[in-house]
Every structure is written in C-alpha cells, then in structure tokens.
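Asks: Residue strings, one per chain:
Number of protein chains: 2
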Amino acid sequence: MVTSRDVARLAGVSQPTVSRALRDDPKVSEATKRQVREAAAALGYAPNAIGRALSLGRSTRVGLVVTDLRNQFYTYVIAPMHHELARAGYELVLITETSESGPVTEHVVANGLSGVVLATTTTDSILPVRLGDRGVPFVYFNRTARNVPADSVVVDPEPGMTALVKDIVAQGHTRVGAVFGAEDTSTGQVREVVLRRLLLDQGIVLAERNVRHGPFDLEAGYGSTLQLLDQPEPPTLIICANDVVAIGALNAAAERGVTVPSDLSVVGFDDLPIAGFAMVQLSTIAYDLDAMSREAARLLVSRIEDPGVEEARSVVFPTSYVGRSTLGPAAS
Amino acid sequence: MVTSRDVARLAGVSQPTVSRALRDDPKVSEATKRQVREAAAALGYAPNAIGRALSLGRSTRVGLVVTDLRNQFYTYVIAPMHHELARAGYELVLITETSESGPVTEHVVANGLSGVVLATTTTDSILPVRLGDRGVPFVYFNRTARNVPADSVVVDPEPGMTALVKDIVAQGHTRVGAVFGAEDTSTGQVREVVLRRLLLDQGIVLAERNVRHGPFDLEAGYGSTLQLLDQPEPPTLIICANDVVAIGALNAAAERGVTVPSDLSVVGFDDLPIAGFAMVQLSTIAYDLDAMSREAARLLVSRIEDPGVEEARSVVFPTSYVGRSTLGPAAS
Chain A
1 MVTSRDVARL AGVSQPTVSR ALRDDPKVSE ATKRQVREAA AALGYAPNAI
51 GRALSLGRST RVGLVVTDLR NQFYTYVIAP MHHELARAGY ELVLITETSE
101 SGPVTEHVVA NGLSGVVLAT TTTDSILPVR LGDRGVPFVY FNRTARNVPA
151 DSVVVDPEPG MTALVKDIVA QGHTRVGAVF GAEDTSTGQV REVVLRRLLL
201 DQGIVLAERN VRHGPFDLEA GYGSTLQLLD QPEPPTLIIC ANDVVAIGAL
251 NAAAERGVTV PSDLSVVGFD DLPIAGFAMV QLSTIAYDLD AMSREAARLL
301 VSRIEDPGVE EARSVVFPTS YVGRSTLGPA AS
Chain B
1 MVTSRDVARL AGVSQPTVSR ALRDDPKVSE ATKRQVREAA AALGYAPNAI
51 GRALSLGRST RVGLVVTDLR NQFYTYVIAP MHHELARAGY ELVLITETSE
101 SGPVTEHVVA NGLSGVVLAT TTTDSILPVR LGDRGVPFVY FNRTARNVPA
151 DSVVVDPEPG MTALVKDIVA QGHTRVGAVF GAEDTSTGQV REVVLRRLLL
201 DQGIVLAERN VRHGPFDLEA GYGSTLQLLD QPEPPTLIIC ANDVVAIGAL
251 NAAAERGVTV PSDLSVVGFD DLPIAGFAMV QLSTIAYDLD AMSREAARLL
301 VSRIEDPGVE EARSVVFPTS YVGRSTLGPA AS
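Order-wise, the sequence lines are chains A and B. FYI, the numbering for the first sequence is 1 to 332, going by the working numbering. FYI, the numbering for the second sequence is 1 to 332, going by the working numbering.
The shape of chain A in the complex, shown without the other chains (with noise of 0.2 Å):
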C-alpha cells in the first residue's frame, strides 16, 4: 500500500506538505501542489478518507433526511445536491426516517457524519431539537419547524398563487376545491393560508365539502379527487398542494372519463420536469429546485466549515406561474 511518506519522498517534499498539498490548502503553493499531485498520480496514491476524517476530526460525509425516496420531488432534489457536494469534497448518504436502522440523531452521530439536510420537518419535529442538542450543524430544506432556528432554503408561494388566482377568475371559476398539503408542514400550512386568503380576495370561498388535506403524495391526489368527483356538484377547479398531488388528481380524472380541462381545470406546484411533459402539460408554479437543493447543500456545508457564524440564515426563493394546457374555462 502506497502512503503519504512515499508521496513525500517522489516529490521531495515533508509528509504534512502532502497532506496540505492534497487537501489544496491555499497556504501550499500551486506549483508544490502540481508536484504532489503527479507524485500521487505517479505512484496511484489515494488519500484515505477515513484518516482524513480521524486527522481533521470530522467526515466528509453529510446525510439527506427524507421520508419517502421514492417520491419523485426528491429525485430531482438529491441529484443537484449530490453535485454541489461532491464539488466541495462531501458526499450525500440518503437517511430515511422509517429506517430500520434506528432513530436518525443516533444514526447521524453513530456513523459520524457530519450534517445533514432536513427534508422532512413537520412543525412539531422533535429530530431539530436532538440535532442541536447534539452539536450537529444542519439545514432545514422546504419546510422549517417552529421552535429551533437554523439555516434554511424556503418557497415564498406568493408571486405564483397571486398570478394563479388572477388567471383562475379570467377563466370564470367559482366553484374551486383544493386537495391541500399535510397539515403539519410548514410548506402545508403557508401554502393553504396564502391561497384562501388571496382566493378571498376575489370573492372565492372554498367550500368545506370541496376541501381535502393528505400527504404530498400521489394517493392523496389519486383518491381525494375521486371523493370530490364523486359528489353530485363537483368543483370545476381544483388547486393541489404539488405537481405530484397534482398528477394523482390527473389519474383520477382518466379513470372517470372526466376531461381535463373542458371539464376539470387541475393546478399544480413545484413544475417538476414531468409537469412540462406534452401528455401532461400542468398549469403549475414554478420556482428554481435545482437551485435551492444546491443553496441548501452550500448552506450546510459552510455551517460546517464555518461554525462561528451565529445567525440563522434563510434563503427565500420567489415562485412564478406557469399557465399550460389543464387551467382552461370553467365547465358550465
């Protein structure tokens, strides 16, 4: 096995040079970098991580807390973290909170990683309260709890669901049901408050009967649609709490023969690729997920980096609306 000591010796410089070289410490010189390098190349050295991690007292590890992996939201979620990480050195271990593995503070400090980025806050979650008790940095994504501050990326719903609203009352839409988020997510929650309110505005109650809550899942859009079709007077609109949402409320209007949109105007929100598929073609909004997944990745890895910055800093990001082909004319 090839070491540092051998590095050193080809490149005729000390064993922590090496070391420093290869970490591209900027006090090493970029030609005492080259020579490393090619010595390291040379002899098929490879720095071992494991001692890397013992020498600088942490791993370059970080975890993604999710629920579910198989919801395509965090498909497009992990891939540009995983990027932005491996650019700054880290890399993204995937932890699910129905892990068999054990609770996740434990798992996270247990396997010495050294954050992680929370994509499955409900408001009441009590893993940002073990994570700060532990010491361990981390970044709340999308949704935040109450009670401990800490860096986050978030949406701000407004900018879209003001256009939205706007293009639902040109379409002549009064009777509107909305298949909302969970009730226990801050994203649920904000997103719910902010449409009934700018709805209210134009004079469009929802009425409690055209009203469901569910998971961000394609079930929860699949089967309360069906409940809301199925009823003598069903909505002529309905807003769901995301694309996915929105794909399950889709599915259930092809099961009933029900057209979309002569019949049934449906929106989403997030403007996941698939939205913008020419069979599917989803009014939605939109905002920059590749973006904000990448923000959350530098945010963590900065907080670790850097742990004496105190303040905890959000990153807002603004959402536009996206007119496609299944918001169209209220069915009469």
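Honestly, the hints are just simulated from the structure, not real lab data. Just so you know, even glycine gets a beta-carbon here, dropped at the ideal spot from N, CA and C. Just so you know, not all the hints are guaranteed correct.
Said to hold, decoys possible - The following label-pair restraints were derived from C-beta to C-beta distances:
(1) A/Gly308 <-> B/Val316: 49 to 57 Å
(2) B/Glu208 <-> A/Gly172: 34 to 42 Å
(3) A/Pro307 <-> B/Pro159: 35 to 43 Å
(4) A/Gly89 <-> B/Gln189: 35 to 43 Å
(5) A/Leu226 <-> B/Thr122: 43 to 51 Å
(6) A/Val316 <-> B/Ala278: 32 to 40 Å
(7) A/Leu43 <-> B/Asn147: 20 to 28 Å
(8) B/Gly89 <-> A/Thr67: 16 to 24 Å
(9) A/Ser320 <-> B/Thr67: 28 to 36 Å
(10) B/Ala278 <-> A/Pro307: 47 to 55 Å
(11) B/Pro318 <-> A/Gly308: 54 to 62 Å
As the list claims (entries may be wrong) - Partner residues aside, some chain B positions facing chain A, computed with beta carbon under 8 Å:
(12) Gln72
(13) Thr75
(14) Ile78
(15) Leu94
For chain A, the structure is supplied; the task is to place chain B on it using the hints.
Replies: For chain B alone, kept in the frame of chain A given last:
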C-alpha cells in the same frame, strides 16, 4: 464526550466487551448485551462508525454508481437498495460517473467504501477491471461487462418479449419501428437481438429507416419518435428500449397530435409506476425491479462479509408482458 470506557464502567464489564456487545457479537451473552445497551442508552453513548471502520478494517458504506440521477429508473432502484442496505447495517453513498470529485475508482478507495453496485456498465467499461485490481467487491446491476466476471442481477427479456410479439401479430402490425437502447450496453444489445429474432420468427422485419438507437432517456424517445413520425410512411408501432424512452415517445406523439393507440402504438420495458398511471396506461414488459434492487444489495453485502466465495453469482429475473392501452390494432 462519552466513551466506551464510561459505558464499560457503568455496565461493570471490560471495554472490549462493550464493543463486542454493541456490534452484536454472538460470543457475548444476551444478558450482558442488554446490560451494555442500557448503560450506553443511559449515558447517551453512540459507537463511532469511524472508529468501528478502523477496527473492522472496513467501513459500513457502499456506493451505487449511476450516470444520471435524474432518470426516474434510478428512483425505483435507490429506494429498495437503501432499505435493504440499512437492514444489513450499511449506508448507501451515491456516485455519479460525471462526478467532479474525480475518477470513480479513486473515489471509492479514497473514501474507504466497502464495495459498489455498478448500474452504468458498458460492454467495454474499464471500471470493473480497476475495481478488481484494487480488490474492491462489486456487483453488476442490470448491465454487465464482458471481460470481468462478477456477481450480477440481470433481467431475461425473452418471456415478456415472446408474449409481446404474440400481441403485436394479433393486432396486425407489420410496419414496426424501434427505439433501441445504447449499443454499448449489454441490456441494449440483448433486448435488440432477442426482439429482432422473435419478430423475424413471425415474418416481421424491422426496416432500418424505422430503427433508432439512443441512451435510455426521455430525449432519445422523444427525438427519435419525432424522426420516425415525420417520415412519409411512419411505423404503426414503436417498441421502446424502456419505459422512460416510451414516455418520450408518447410526448412526441402528443406534440404531433398523433393519437395513441389509434394512429400509433407504443410499448415500453420496466413497468415503472408511471406506466400504470390512469393517464398513461403504457403497455410494457414487467419484472420485479424492487426485488432485483434488494438482491443486488444482498449480493454485495454477502461478497463484502464473506470474501471467500469464489464463483461469480448471477441472479436472473424473468419478465412478463403487461398489455394496457398503448398497444392497439394497427392503424390502416
């Protein structure tokens, strides 16, 4: 910071016994294990994975090498693989071949991963050679390489394709097109060879103008289908390399105002959840991707923990044809 010494003192056992008890060593009695676990819980002690990795001489982390994390195929691979690995006490680390952190082999060795699942193998990949040279255990997922034998989980397309071709003949299709997968992958090659042979047995020859090859992604399905549809006499059926390619084909049909299946039939491969959506109803070839992903995890863990096994094991998953709404009678 609580150490294993503190736990040993509270439990009234030796320090090595604490380590052995916490890693569930069968040589330690159940009574002692309980005593140690209770002491560890009382003190808030979490065994350190970095220390454990050093003492075991290996980590409990394995990698999954993929090309494109945004391809929804991987969503349904990552979730079951993650769960199976968590059950066995391992963490899943995602590695992309385009990762900025450098060549995959160096990454795996440098980060002390215990093994990897390869989901991106091309027939002439050098990655298996390099991993073999470094003694890193690995498992081929879905695709294999010619030159390096190793454990693998693969799909046998023949049963599903046999039933598919029977349906194609029954529906009267003779002008058949195909968007095959990448020509440098074992899956692309095998599926093409088997399909051509089964069609030929029924007197159906694929005209070269109706055949395209591409990566297994949406863009390949979309772009190739537009080309096939824009010919003077387009095929009445397009057989796609997988479901993701078929969704691209359906989008192209929607784009051109071509109705499926009355103007054009489309078939996929994989039976991902989207194939069963009421608004999609894709006819496709199914196999147990969930079981296959879990099996890959099990093979890798067994290879890591019992390196003595000599022969390469191959687990083959059978296929079946799922006729839904996108394959209908040939357009006249």
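Asks: Give a verdict on every hint.
Replies: Now the hints, each set against the structure:
1. A/Gly308 <-> B/Val316: 49 to 57 Å: holds, 56 Å
2. B/Glu208 <-> A/Gly172: 34 to 42 Å: Hint violated: Cβ distance 53 Å, outside 34 to 42 Å.
3. A/Pro307 <-> B/Pro159: 35 to 43 Å: violated, 57 Å
4. A/Gly89 <-> B/Gln189: 35 to 43 Å: The hinted range 35 to 43 Å holds for A/Gly89 and B/Gln189, with Cβ atoms some 37 Å apart.
5. A/Leu226 <-> B/Thr122: 43 to 51 Å: For A/Leu226 and B/Thr122 the Cβ distance comes to about 45 Å; the hint holds.
6. A/Val316 <-> B/Ala278: 32 to 40 Å: Check passed, 36 Å falls within 32 to 40 Å.
7. A/Leu43 <-> B/Asn147: 20 to 28 Å: For A/Leu43 and B/Asn147 the Cβ distance comes to about 26 Å; the hint holds.
8. B/Gly89 <-> A/Thr67: 16 to 24 Å: Given about 21 Å between the Cβ atoms, the range holds.
9. A/Ser320 <-> B/Thr67: 28 to 36 Å: holds, 31 Å
10. B/Ala278 <-> A/Pro307: 47 to 55 Å: Between B/Ala278 and A/Pro307, where Cβ atoms are some 50 Å apart, the hint holds.
11. B/Pro318 <-> A/Gly308: 54 to 62 Å: Distance hint for B/Pro318, A/Gly308 holds at roughly 58 Å.
12. Gln72: Holds: closest Cβ of chain A sits about 6 Å from B/Gln72, inside 8 Å.
13. Thr75: Cβ of B/Thr75 sits 5 Å from chain A, so the hint holds.
14. Ile78: holds, 6 Å
15. Leu94: holds, 5 Å
When held up to the earlier numbered hints, the structure conflicts with 2 and 3 and fits the remainder.
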